[in-house]
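Just so you know, the sequences run in chain order A and B. Letter by letter, the first sequence follows residues 0 to 360 of numbering that gives the first Met the number 0. Letter by letter, the second sequence follows residues 0 to 360 of numbering that gives the first Met the number 0.
Honestly, the hints are just simulated from the structure, not real lab data. Check the hints yourself; a few may be wrong.
Copies of the same chain are indistinguishable here, so a pair counts whether it falls within one copy or spans any two.
[Unchecked claim] Subject to a maximum C-alpha distance of 25 Å in a straight line, what follows is the list of computed SDA-like cross-link-like pairs (lysine to any residue):
{"id": "1", "residue 1": "Lys46", "residue 2": "Ala117"}
{"id": "2", "residue 1": "Lys46", "residue 2": "Ser4"}
{"id": "3", "residue 1": "Lys344", "residue 2": "Arg177"}
{"id": "4", "residue 1": "Lys344", "residue 2": "Gln169"}
{"id": "5", "residue 1": "Lys253", "residue 2": "Ser164"}
{"id": "6", "residue 1": "Lys253", "residue 2": "Gln169"}
Protein chains: 2
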Amino acid sequence: MSSSSFAPLLNDNFLRACLRQPTEHTPIWLMRQAGRYLPEYRATREKAGSFMGLATNTDYATEVTLQPLERYPLDAAILFSDILTVPDAMGLGLSFAMGEGPKFARVVRDEAAVNALAVPDMEKLRYVFDAVTSIRRALNGRVPLIGFSGSPWTLACYMVEGGGSDDYRQVKSLMYARPDLMHRILSVNADAVALYLNTQIEAGAQAVMVFDSWGGVLADGPFQEFSLAYSRRVLAQVKTEHEGQGIPRILFTKGGGLWLGAIADSGADVIGLDWTMNLGRARAQIGDRVALQGNLDPNVLFAPEAAIRSEARRVLDAFGRPPGGGHVFNLGHGISQFTPPDAVKALVDEVHAYSRRLREV
Amino acid sequence: MSSSSFAPLLNDNFLRACLRQPTEHTPIWLMRQAGRYLPEYRATREKAGSFMGLATNTDYATEVTLQPLERYPLDAAILFSDILTVPDAMGLGLSFAMGEGPKFARVVRDEAAVNALAVPDMEKLRYVFDAVTSIRRALNGRVPLIGFSGSPWTLACYMVEGGGSDDYRQVKSLMYARPDLMHRILSVNADAVALYLNTQIEAGAQAVMVFDSWGGVLADGPFQEFSLAYSRRVLAQVKTEHEGQGIPRILFTKGGGLWLGAIADSGADVIGLDWTMNLGRARAQIGDRVALQGNLDPNVLFAPEAAIRSEARRVLDAFGRPPGGGHVFNLGHGISQFTPPDAVKALVDEVHAYSRRLREV
């Protein structure tokens, strides 16, 4: 279907901030905003039976994506899905054991496994694109919908490790021992991710985000060669507009603050930052080349309301003036499953109220 | 006993590099060099029955400290102990379950527990100081002995969490909700750590290192207030010389690259860096104020010998010229228990050989 058949957008603050245009308030959304901290999410998850049962069912994915918007006046929705759908579609067999992280049935550690990799048929990811279209319709123009993918390097971490890791020993061993194989994995991943994001855009995503969740575990040198170069390769292929609408592209590298200058030259419109980076310093460093997204420590949401509000103001003040110069408020990482839902209410309220006040002064 | 009764030092390259004096080669030692990757360590550990049985027995602690020096021409020894001895001496009840990390029997999360904290009687840590003196004697002047402690913030993480953590939720909740209590914990920790390090120096330690292993999990702002300020308070109290010998003080903040400028002003003589920071960039940023220690990714040691050697050269080249301007080679984190011992042999050989060549050109 054509995007022009979707309802017109009522709140475009998020898209405007991404493109460094003036906004009424600093827009806010939260990584993993549709998630386990919400009792209504846990109820839907229960019905679905499993995480993948939830993610692969269009109705459930639509339902949980919209849940946080019913509670809070957030300025964007993000597709409910997982960063590992692409390697799953490559045939690696993704599963989620209860209470544990993702697991792949097959790991990619030798030449044969690497050579067998290919950009997957997008039909295998049809459930994602169907969810995008369904969510976009259900949003009915309320706020924009963000699509996303893991970065080539972050996907490779899981593909080589076979799941989460605390030392990245397998993926780094392969990288240092056989850089040729790692480059081949990353090339396939980059082209797959670009196609995946473009297909999400065609299905209705109004912005896309690349999660380089594990770029920050790399050494200086290898980061540029094995992570950033392939995020750049993705961004070079992802649409910058669709049916006349600009499509902001966000790149988030957890722990990437030391490489901000290079990341800002990746081709992304928006750079996501974790809480270790001072937003004012980041802005001074990269000027107006890109917008910034972030960067409250998610653990602030365990503090009393007054502290949440004061830490939110601290982030807005750090970004500085003019307050509308391209700031999307977010956490510096996904929201914790233990977060009290009322804490999010206070946060969203403070970001909206205080950023409006900043615009009046 | 008086340090003057110890044997004269035969290899002072490490101490000279810490004080930014010329050296014959770039000195190298490895964080956790006495550890599980060595079969002889595992044999002693087996005899001792438990980790704390190993750490609290002077003979065993001496034996394992010297084991890596028998295999490799390392330029320094580091006391075999744990970073959590101080909170254990405060009465929190440290234990190590097999195959798991450290656990405290009592956690510090409320006002009563915080108010009960005090600088412990150093007699409770006599086993550490006895080990220092015993190791120094056994070294017989071969290389200098480094003493160490966890930083006030890093100790607080374990004291509040009760063990390791992947999100630091408890300690950050306390910090954001009750900064007054957190400051009280950190004040006691800082004074305890300073006294602990000074007593190690009196017992024979020729350099000391503060491990701020978890400083990097803090947001910009809280890092300076809750981590760095208390490392500074430690360093302000730790001896800069003992019996006429300069005592280099090393501060290592994992993930602290973004705050390098402030860390270099902490009062430390040497700043430890993890692998995310380019050493040449670090040196350009802080000039000759302090020496630098680091920063090879420990996972390089899983690569074939040629790659290990080339990555070691890359670190030395990044530090740049003059090669003797205050560089102590190390990993950017503790060595992995899975490291093949021969990999360390290649690394030490390459650092010595290549850094000597750099001095000849």
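Each hint tested on the structure:
| no. | hint | verdict |
| --- | --- | --- |
| 1 | Lys46 / Ala117 | neither (34 Å within a copy, 52 Å between copies) |
| 2 | Lys46 / Ser4 | neither (31 Å within a copy, 74 Å between copies) |
| 3 | Lys344 / Arg177 | between (49 Å within a copy, 21 Å between copies) |
| 4 | Lys344 / Gln169 | between (41 Å within a copy, 21 Å between copies) |
| 5 | Lys253 / Ser164 | both (15 Å within a copy, 18 Å between copies) |
| 6 | Lys253 / Gln169 | both (20 Å within a copy, 21 Å between copies) |
The structure shown violates the earlier hints numbered 1, 2.
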